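K.L.:
Residue numbers (our numbering), protein chains in the order written: chain U, 1 to 92; chain G, 1001 to 1375.
To be clear, the hints were calculated from the coordinates, so they are not data collected in a lab. In this text the structure is predicted, and so the values were computed from the model without any measurement. Certain hints may be false.
[Claimed, not checked] These stretches of chain G come out as covered by chain U in the derived footprint (C-beta under 8 Å, 3 or more residues):
hint, region
1, 1030 to 1043
2, 1057 to 1069
[Stated by the list, open to error] The calculated DSS-like cross-link candidates involving lysine-lysine, where the alpha carbons are at most 30 Å apart (straight line), are:
hint, chain 1, residue 1, chain 2, residue 2
3, G, Lys1184, U, Lys3
4, G, Lys1217, G, Lys1184
5, G, Lys1070, U, Lys3
6, G, Lys1019, G, Lys1112
Built from N, CA and C at the ideal position, the CB exists for glycine as well.
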Amino acid sequence: MAKVTIELPSMLGNVLGGLRRVEARGDTWRDALEDAFHRLPALRVHVFDEAGALRRHVLCFVNDVNTRFGEGVPERLADGDRITIMQAVSGG
Amino acid sequence: MSITLILGTEKGAFVCRSKDRAKWTVEGPVFKGWKVTASTRTSAGRYLFATSSYVYGAALHTSRDLKDWKQVEKGPSYPKAKGDAQPTPGVAVGPGFEPRMNQIWTLASAKKRLYAGVDTAGLFTSDDDGESWQPVPSLNDHPTRPNWFPGAGGLCLHSILVHGDRIWIGISAVGVWRSDDGGKSWTPRNQGVRHVIEDERFKDIGFCVHGLASDPKEPGTIYRQDHAGFYVSKNGGDTWEAREDGLPGGSVGMPGSKIRASFGFPVAVDPRTKSLFIVPLESDEYRIPVDGKLRVYRSRDGGQNWQALGEGLPTVPTYAGVLRGAMAVDEEDPCGVYFGTTSGQAFASADCGDTWRPLPCTLPRILHVAAYREG
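Taking the hints into account, I'd like the entire structure generated from these sequences.
P.N.:
Written out as structure tokens, the structure reads:
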């Protein structure tokens, strides 16, 4: 399994003791998130909804690729990949 | 004696402290950027705060000192939730609608049991000081549920009163429910209250309660700020009577309605003198202070007569309202009364509402106010 870093936005850090980065392992970005949830259970409710889907206004990038677009998302993670959780900023 | 005042806003909570209820310090924001929608203090002395975000969802957090916080890992949730759509205001959710955890609207502590009222409307309890939460299926899965419909603020359970095995809850826009067996069964208690939208099948739902308070010495006496007026029940909610003499009234109900009633959201009661405090607004259509005058109304006789209180409140035109969770009283003598507005001002009275002072801050929209005695 690849060893990756999950980066969190500051708002999540504000409810998770200031944490902005979680180390995780997984073959896919979902596997890595599940590993992060295992290490940090309080994180899950903020990233996935109760049905297990990525929250509507949450984006998850693998390196520079938005997982919502499907295309270009690596099928298997590599050591050193970066997963970024962020808020979908809509409107002005 | 010192009072800690919690002001929960759209962008975090602020902690105000005073030893004399005249000079206040303001700290925060706690949970910067998050809506802080409710708080309580448990029987074990821990604070419990509810946060929510339209992006990152709702959660509970505990602290002993309001500084070091830990998020509850097994908070209230609906395990069968699908998607994140909100029901349409004024339209029944219908069969098959699966609730989801949008926001925790209210928290209550009664001996060692904790209660959480949430949107989508439901009740949850905790018997381990808030570490884990269980749904109350007798209410959450009630046969009338497909006919529940949301108010302007969503389909939310926003008010909880507990006295022994008797529990009252308020859901917008469904009504007041009472359990006499600690939550095992529930019955709507709305007789005497004007309907907002009458359900064709279930005549005892379709009421839009906005706020509840109980007389601490006579727990069968319940006060109700409703969409359609201010009401009092002397028999635990079996029947209700409007008590609106001296209150400003506006039209409520469907367009063209000739019903005039006192429209507002919060209601609080002084536990010592039983004085009542409410903030009437102009009609359900406008929801602003009448004539631009922000006033708290007090009744010293259980709602028979009302008096407008404004000494120290803004003298300039003020069109900010007070939300249902944004007023609180303390337990001192005379009682302190506190409220926050939708434009982020907060006011405190140390003399049962006779005079008011602004707190030294201008905050985001204030959603929640609670007063805790320290020491």
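K.L.:
Which of the listed hints are not met by the structure?
P.N.:
3
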